[in-house]
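Required output: the full structure, derived from the provided sequences and hints.
Number of protein chains: 2
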Amino acid sequence: MGGQTRYEVEPIGVIHSPFMVPNGTPIQPVYGGGFEGSVEVFEPFRDALVDLDGFDRIWLLYWCDRAVGWRPRVVPYRDDVARGLFATRAPGRPNPIGLSCVRLLSVESGVLRIRELDILDGAPLLDIKPYVPDFDSFPAVRSGWLARSDATRRTADDRFHREV
Amino acid sequence: MGGQTRYEVEPIGVIHSPFMVPNGTPIQPVYGGGFEGSVEVFEPFRDALVDLDGFDRIWLLYWCDRAVGWRPRVVPYRDDVARGLFATRAPGRPNPIGLSCVRLLSVESGVLRIRELDILDGAPLLDIKPYVPDFDSFPAVRSGWLARSDATRRTADDRFHREV
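Protein chains in written order, with my numbering: chain A, 1 to 164; chain B, 1001 to 1164.
No wet-lab data here; the hints were simulated from the structure. We put the beta carbon where it would ideally sit given N, CA and C, even for glycine. Just to be clear, a hint being listed does not mean it is correct.
As the list claims (entries may be wrong) - Now the stretches of chain B that chain A is said to cover, found in silico as 3 or more residues with beta-carbon under 8 Å:
{"id": "1", "region": "1007-1019"}
{"id": "2", "region": "1028-1042"}
{"id": "3", "region": "1078-1088"}
{"id": "4", "region": "1091-1100"}
{"id": "5", "region": "1129-1136"}
Unchecked claim - Residues from chain B that keep clear of chain A, each with C-beta distances beyond 10 Å, as calculated:
{"id": "6", "residue": "P1022"}
{"id": "7", "residue": "N1023"}
{"id": "8", "residue": "V1068"}
{"id": "9", "residue": "L1105"}
{"id": "10", "residue": "E1108"}
{"id": "11", "residue": "D1121"}
{"id": "12", "residue": "R1153"}
{"id": "13", "residue": "R1162"}
See the structure below:
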C-alpha cells in the first residue's frame, strides 16, 4: 500500500489577502486580527454558499502553493528545537493543505469577506466548512510542546519557503 | 481562472475504523465516543510523528473515498431542508477532503490509536495536524442553521453515498 494511489484536487476559488510574502505574515489566524481579506469562489461553486452567512467562523482548506517540499522534522515558529512535522502546523507537508479558522464578515456575489487570516495572497481554495463549536471546540486539551514553549512569535519568516 | 490547475495529493497512511458502511457511522467525532480506531502512517512519513504524543487531540485530513459526487445543496443529517453544501460538513464536496478532530491515545511504531472517530474504515490519510486550543477553539461562536436545528441525529445514513 501507499505510493501508488493519487487523488486530484481542483481549486474552487482563490484567497485574497494583504500578505504577499511569508515574512511578516501572521503564523495563525488568531494573530491576524486587524487584517481583512476575501475569498473569491468560482462561479460553478457559488450556489453552495447559501446558509454560510449564519456562521461566525469558517474553516478554509487551501493549497499552500508557496511551500517548498517537506522535511520530517522542522524548527517551528514557536520553538528553537526541531519537532516532528505532524506535531506542527508548518505549511511544508507531504500534502501541503492549509487549514485556517477565519472570522466570516459577509457573503455576497460569491465573495466572502474574512478577518483574522494567516494565508498568503493568491492561495488556491480547496474547501469551505462551517465552524461548529460542538464539533470543533475543545478549549482545555493538552497541546504538547506548544504548551511548554514560551516563544511568543506571531509572524512568519521564510523558513518554510526556502528550498529543502 | 479556475478549472485549469490541478494538484495531486498522495495518501500518507490509512485509517482503520470499526465503521464499514455509512449507515450507523457517527456523523461527527464527538458522537463516536465509545469507538476506537487507528491510523497507520506509511513508513516514509513516520519520522514526522515525533512530538505528536504530547497532544490530546489531532486533526485528521483524509480523502472521503466513498463519497459520490457533490450537489450545491444537500439535506444535512441534522436538518430536513436543503442547505448550501459549504454550510454543511457533508462528505460529498468538490474536493472531498474530510476533517475530523479525534482523541489521540498513543503513538507507537507508526500507528496512532485514536478514539472519537466518524471515519469510514480504509479512508486514505492526507495529513495530521496537532489540535491547538489557542488556534482552534472558539466555544461561543454562532453556528447558523445548526444552532436553530432541533435535530439530534448522531449517526449517518447513505444519503451522501448514493449516485448523484
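- Hints violated by the structure (numbers, ascending): Every hint satisfied by this model.
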